[in-house]
Amino acid sequence: MSTPETPPNAGGDDPGRGLSGVQRTGVVLGALAVLLIVFVVLRGGNDDGDSSSSSNAQTTATQSTSTSTATGETGSTSTATSTPTTTSTATSTPAEPAVRTINVVNGQPEGGIKTISYDKGDQVRLKVSSDVADEIHVHGYDLMKDVEKGGSVQFSFTANIEGRFEIELENAGTQIANLEVDPA
Amino acid sequence: MIRRLRIAALGAALASAAVAVLPDAASAHGLVGRQDLPIPRWLFAWGAAVVLVISFVALAVLWPKPRLEEAAEHRVLRVPAFLEPICGVIGVVAFAGMVYAGYAGTQTATANIEPTIIYVLFWIGLPFASAVFGDVFAPFNPWRATARFVSWVAGRVAGDKLPAPMAYPAWLGRWPAAAGILAFAWVELVYVNRDDPSILATLALLYAATQLIGMSVYGIATWTHRADAFAVYFNLFSKLAPLHWRDRTLYRRLLLSGAPHLDVMPGTVALLCTMIGTTSFDGFSQGQLWTGTNAIAPTLQQRFINLGFSQENALEITFTIGLLFMVCFVGGIYRLGIAGMGSIGGRHQPGELAQKFAHSLIPIALAYVVAHYFSLLAYQGQAMASLISDPLGDGSDLFGSAASTIDYNVISATGIWYVQVAALVLGHAAGLTLAHDRALTVYRRVRDATRSQYWMLAVMVGFTSLGLWLLSASAQ
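Protein chains in written order, with my numbering: chain B, 0 to 183; chain R, 3 to 478.
Don't read these hints as lab results, they were simulated from the structure. This structure is a prediction, so every number in the text was calculated from the model and none was measured. For each residue, glycine too, the CB sits at the ideal point set by N, CA and C. Heads up, a few of these hints could be off.
[What the hints assert, rightly or not] Computed footprint of chain B on chain R; a stretch qualifies when at least three of its residues, placed anywhere within it, have a C-beta under 8 Å from a C-beta of chain B: (1) 46-52; (2) 110-120; (3) 191-199.
[Stated by the list, open to error] What follows is a list of derived Cβ distance ranges for each label pair: (4) T301/R with G29/B: 31 to 37 Å; (5) G172/B with L174/R: 36 to 42 Å; (6) Q22/B with L326/R: 46 to 52 Å; (7) V39/B with P352/R: 54 to 60 Å.
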């Protein structure tokens, strides 16, 4: 029953039988060290690659200004409800975060449900035009604004919650877009 | 070092952001409307690398004699008998209150306490709790408590003239539990009225009634142990726990050492594959491959609409197909590995092996639950604070916490990624360990045991890669 067999010639198995406790610990610790190093390297490599390849690259230039205003107010979401547009330079400088528009046609998002992505800390500027009257709800941030038939509403807030959130016509229960906020 | 600092700075920034956001969020939405971000490519690659390294290191260092199979238990404490009925009453009252809220409360899912209790506390919270503290659901199980009370009263009235329970058919095994879990997953993932509180209340009552009938026919202990889907489900996770409740006594034991004691009967493998498959489908159905333009779901749905089904029904049929496919797919991976294992040593039938190694799937199932639902528990779990004060959504404030909101910055997206990958990797390691330990008792020769485990390793790598993929590519 328990007579030790001669190990098969398979490579990974061979040393297994003869390892002492210390050696086993050594193998485990060695593997852990390798994985840890790979983790740090990969993570670092990503940091560089991500910021340059991001679709929001042009917003990074203005990020410092937008975050400085955001931190000045602290309660950043309050801007969303009170002031629809805060900056006057939007039309003149192309570096300013563009207003993304969602068009709702016949109660459905034009072109399907799209994902609008930002990095954390970015200023979200979002316009919803709708041919149906409803309430626009940005989940997670829990911002709600009524839109009239044929009208439009604009949201402006700092992207300070990470995740992927539904934007929907609250009463109809129709999702019209995804808001994606990635770690900065 | 710089990176460390950066992480610390990020953490501090998150903490301050959390404080800043907290008072502003308006209502307690979140049962739907939020998804995890897909894990980044580098983390996917690293997770896969970890899985491979663990697998080969395991081959080198895992013990040549079974260790978990005969692990000893040590008594910790004994619970007085009067606590049992108290726990039962708590369970029944909680269940009744939940059903009442479902009928009497607002029908807005997120403002009613019932959907959050069912989908978050019960369905996700209890597996977490069971895997740590043992089978904590059993004493509170409302239908079991009801049945025990009724049988106690009946025993007093009728003396010993009560008919003995019928013999539970051996072939039935855990098939009822597998069917129950599949049905629950169907309601959660497919059914269009999944978060309608009054419908959920009716379904909960139906479930309880079915259990009462089953227990009255086949006996309380037998039915609970084999056919009560949720009791069986939570009990499976509790096998991994370092704590074990038995006869009102709490024992501590080696982590994982409860799993080898799983008494495998017909339907157990199906149950475990259902658990893994349904969770997989939950991830898969959020991905572009399934929902995107011209992806599988819209195409199938259109085909069923063309056949004359309504849009809603067509969607349900499509999702049902996806759900069943995922369950079969997971079962297929397992059977493939088992078939390979059957070719070794020449003494074991695949059917027998499938049962012998079934318990090694429990950690995989738990890993999937953690990876997919951890954030839901972390976020929507917070909604309980406000819901407990306003369970019916009628504006009451019983405990003064009705205005509390969900803090989405309690854990960052990066933090969630690490939890997800860690869960899958640890589940992988635990599954491998259990399978290895079992192989040593199944195969007479250590050499055969080791060779058989190449197959099990392939199965585990398959499940873990699937899990990682579901968290990354599919959600893009």
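Results of checking the hints against the structure:
1. 46-52: Holds, because 4 residues of the segment 46-52 of chain R bring their Cβ atoms closer than 8 Å to Cβ atoms of chain B.
2. 110-120: This one is violated; 0 residues, fewer than the three required, reach chain B with a Cβ under 8 Å.
3. 191-199: Three-residue rule not met by the segment 191-199 of chain R, so violated; n is 0.
4. T301/R with G29/B: 31 to 37 Å: With Cβ atoms ~49 Å apart, the hint is violated.
5. G172/B with L174/R: 36 to 42 Å: holds, 41 Å
6. Q22/B with L326/R: 46 to 52 Å: With a Cβ separation near 48 Å, Q22/B and L326/R satisfy 46 to 52 Å, so the hint holds.
7. V39/B with P352/R: 54 to 60 Å: violated, 44 Å
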